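Visitor: Heads up: the sequence lines are chains A and B, in that order. So that you can map any letter, position 250 of the first sequence is 250 in our numbering, and since no number is skipped, the others follow by simple counting. So that you can map any letter, position 78 of the second sequence is 78 in our numbering, and since no number is skipped, the others follow by simple counting.
Everything labelled a hint here was simulated from the structure, so no lab data went into it. Treat the hints loosely; a few may be bogus.
[Stated by the list, open to error] Straight line, CA to CA, 20 Å or less: simulated SDA-like cross-link-like pairs of lysine to any residue:
#, chain 1, residue 1, chain 2, residue 2
1, A, K221, B, D98
2, A, K221, B, Q21
3, A, K221, A, G18
4, B, K140, A, T123
5, A, K221, B, T17
6, B, K119, B, E138
7, A, K221, B, F97
8, A, K193, A, E95
9, B, K86, B, G69
10, B, K86, B, S59
11, B, K191, B, R33
12, A, K221, A, A115
13, B, K86, A, V134
14, A, K221, B, G19
15, A, K221, B, S59
16, A, K221, B, Q92
17, B, K86, A, N135
18, B, K86, A, L129
19, B, K86, B, G114
20, B, K86, A, D127
21, A, K221, B, M58
22, B, K191, B, N127
23, A, K221, B, I18
24, A, K221, B, T20
25, B, K119, B, E130
26, A, K221, B, D93
27, B, K119, B, Q137
28, B, K86, B, R66
29, A, K193, A, I255
30, B, K86, B, S164
31, A, K221, A, V122
32, A, K221, B, G44
[To be verified] Here are some, though not all, of the chain B residues that point toward chain A, as calculated from beta-carbon distances under 10 Å:
#, residue
33, F91
34, Q92
35, R113
Treat the numbers as computed from the prediction; the structure is a model and nothing was measured. Think of the CB as a built atom: it goes at the ideal place given N, C-alpha and C, for glycine as much as any other residue.
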Amino acid sequence: MKFPYSFPVTRAFCTYLGQTALLAGETFTSIVAGRIRWRLVFDQINEIGFGSQAVVIITGVFTGAVFTAQIFFQFSALNMSTAVGPVVSIALCRELGPVLTGLMVAGRVGAAMSAEIGTMKVTQQIDALRALAVNPIDYLVVPRAVAMLVSMPLLVAECVFFALIASYFVATRILNVNSVFFLHHMWSYTHGKDMVMALSKGFVFAIIVVFIGCQQGLTTKNGAVGVGRSTTDAVVISSLSILMINFFLTMALNIIFPAGVRS
Amino acid sequence: MSSSSPNLIEVRDLRQTIGTQEILRGVNLDIPRGETVVLLGQSGGGKSVFLRHLIGLMSPLSGSIRIEGEEISRLSERELEPVRRKIGMLFQDGALFDSMNVYENIAFPLRERGERNGKVIREKVANALELVALQGQEKKMPVNLSGGMRKRASLARVIISEPSCILYDEPTAGLDPIVSDTINRLISRLKSQLCVTSIVVTHDMISTDHIADHVALLRDGRIHFSGTLEQLHTSEDPVITDFIQGRSHEID
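Construct the entire structure; sequences and hints are all you get.
Guide: This is the structure we're talking about:
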């Protein structure tokens, strides 16, 4: 058993993973026990959900537009321009929508969570909460986790929706793809399970962003420098985790929701 | 939870290390009910670390802390909550919540303990603000308060839940003599009006003379002296006389 612990990096990774898993476990225990402050949850939904609208919509619109243009340029040479719709749609639902939303939310919300909780940690505000007999996990992590689990799948759906609208306009108005063929093919090849896959990924990425952001904040040390480091680490670790876990999630979800033509 | 002991808090052989440094090396101290105990000691000597143990913000390496006869040193975070409801703590920088104004900060403990009646909350906040002489500052955010006001607002947040014991971490540090005197008078007033037991960590001798019933000196991680204010001033122990007179032998 000494082998994995002989590497400091492995040990640090295992410790971090364990601490984050414990935080998640304690948070879900509190949620199940009903220790939810709904006013704080709505505040966080406003901050995470409504506050991320512009970022997510702009990301969706321009990703849908540029992806459509690029696919069209490649496919039109093969006389397959009407296949642009389904390719864009499936790619957006199954991969680009959830991943890009996850990354944007990790950058915007994960960083803010880590910075806010980290600042509270180094200015003894978290100790003050504890001294006032208020559990910091119940007060700080639970509302953020509930808000994130509600908001993220909706943000993913919103990103995909606006990306598809942008895709339709770019394909039919700028690149002159026949709108009937575009919509028909898109409809034929895109299934409800693709959207379920998008929402499932959104849910998993919400867990990654919220617990990494909060864990980084709660373990912040060394004043302002520490807050800066925690914030950077929260964004980097959650972004890399999203990209890596996305691969395994794709493989697993493809077994549950295999890709294919509507029967 | 009730105890026949005259002491509210009893600390036995408390040990703690931070990193490789041994901060507390077997602290023994009794805190009598209703008295103000001042814990003196050099900066970085472990006074604040000791104070944090009394409210469960740190777990000791070994030793025992009994509050009203109940051993708290091995309690979990959730098991500590009832203990913390009886003890308030004034942090060195106030530790007011940045996201809330003064009113919300002071009302916070009441709301967290389930008080939903707005009128009751307003009345209690007004009383607490009056006690710390901060009327009219309710709408201010902590960032817009001076150091003394932050401490007083923080003290109002502590006393609103009527604790039986208040822990003060350097209550006069960084304050001018006038504001320090205001804080000292507040501590004395809380003792006489609310009959609270107070434990004050400081190295301010003026403050000590003003508020202390009982004084302890922490040195090298142990209680070097424990006695009344008079015993402290009449002591011929060079460590105590050097501390009282602010004399250093490090650079001659």
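Visitor: Next, verify each hint and record whether it holds.
Guide: Outcome of the hint check:
1. K221/A <-> D98/B: holds (18 Å)
2. K221/A <-> Q21/B: holds (18 Å)
3. K221/A <-> G18/A: holds (19 Å)
4. K140/B <-> T123/A: Holds: K140/B and T123/A sit about 19 Å apart, inside 20 Å.
5. K221/A <-> T17/B: Holds. K221/A to T17/B sits at ~17 Å (cutoff 20 Å).
6. K119/B <-> E138/B: Satisfied, since the Cα-Cα distance of roughly 15 Å is no more than 20 Å.
7. K221/A <-> F97/B: holds (18 Å)
8. K193/A <-> E95/A: holds (13 Å)
9. K86/B <-> G69/B: Holds. K86/B to G69/B sits at ~14 Å (cutoff 20 Å).
10. K86/B <-> S59/B: Measuring from Cα to Cα gives roughly 18 Å; hence the hint holds.
11. K191/B <-> R33/B: Since the Cα atoms of K191/B and R33/B sit roughly 11 Å apart, the hinted pair holds (cutoff 20 Å).
12. K221/A <-> A115/A: holds (12 Å)
13. K86/B <-> V134/A: Measuring from Cα to Cα gives roughly 13 Å; hence the hint holds.
14. K221/A <-> G19/B: holds (14 Å)
15. K221/A <-> S59/B: Distance of about 18 Å is within 20 Å: holds.
16. K221/A <-> Q92/B: Holds. K221/A to Q92/B sits at ~17 Å (cutoff 20 Å).
17. K86/B <-> N135/A: holds (16 Å)
18. K86/B <-> L129/A: Holds. K86/B to L129/A sits at ~14 Å (cutoff 20 Å).
19. K86/B <-> G114/B: holds (16 Å)
20. K86/B <-> D127/A: Between K86/B and D127/A the Cα gap is close to 16 Å, so the pair holds against 20 Å.
21. K221/A <-> M58/B: Holds, at about 16 Å.
22. K191/B <-> N127/B: holds (16 Å)
23. K221/A <-> I18/B: Within the cut-off at roughly 14 Å; holds.
24. K221/A <-> T20/B: The hint holds at about 17 Å.
25. K119/B <-> E130/B: Holds - the C-alpha atoms of E130/B and K119/B are around 16 Å apart, at most 20 Å.
26. K221/A <-> D93/B: The hint holds at about 17 Å.
27. K119/B <-> Q137/B: holds (19 Å)
28. K86/B <-> R66/B: Roughly 13 Å between the alpha carbons, so the hint for K86/B and R66/B holds.
29. K193/A <-> I255/A: Judged against 20 Å, a Cα distance of about 12 Å means the pair holds.
30. K86/B <-> S164/B: It holds: about 6 Å lies between the C-alpha atoms, which stays within 20 Å.
31. K221/A <-> V122/A: Since the Cα atoms of K221/A and V122/A sit roughly 6 Å apart, the hinted pair holds (cutoff 20 Å).
32. K221/A <-> G44/B: holds (18 Å)
33. F91: holds (5 Å)
34. Q92: Status holds, d = 8 Å.
35. R113: holds (8 Å)
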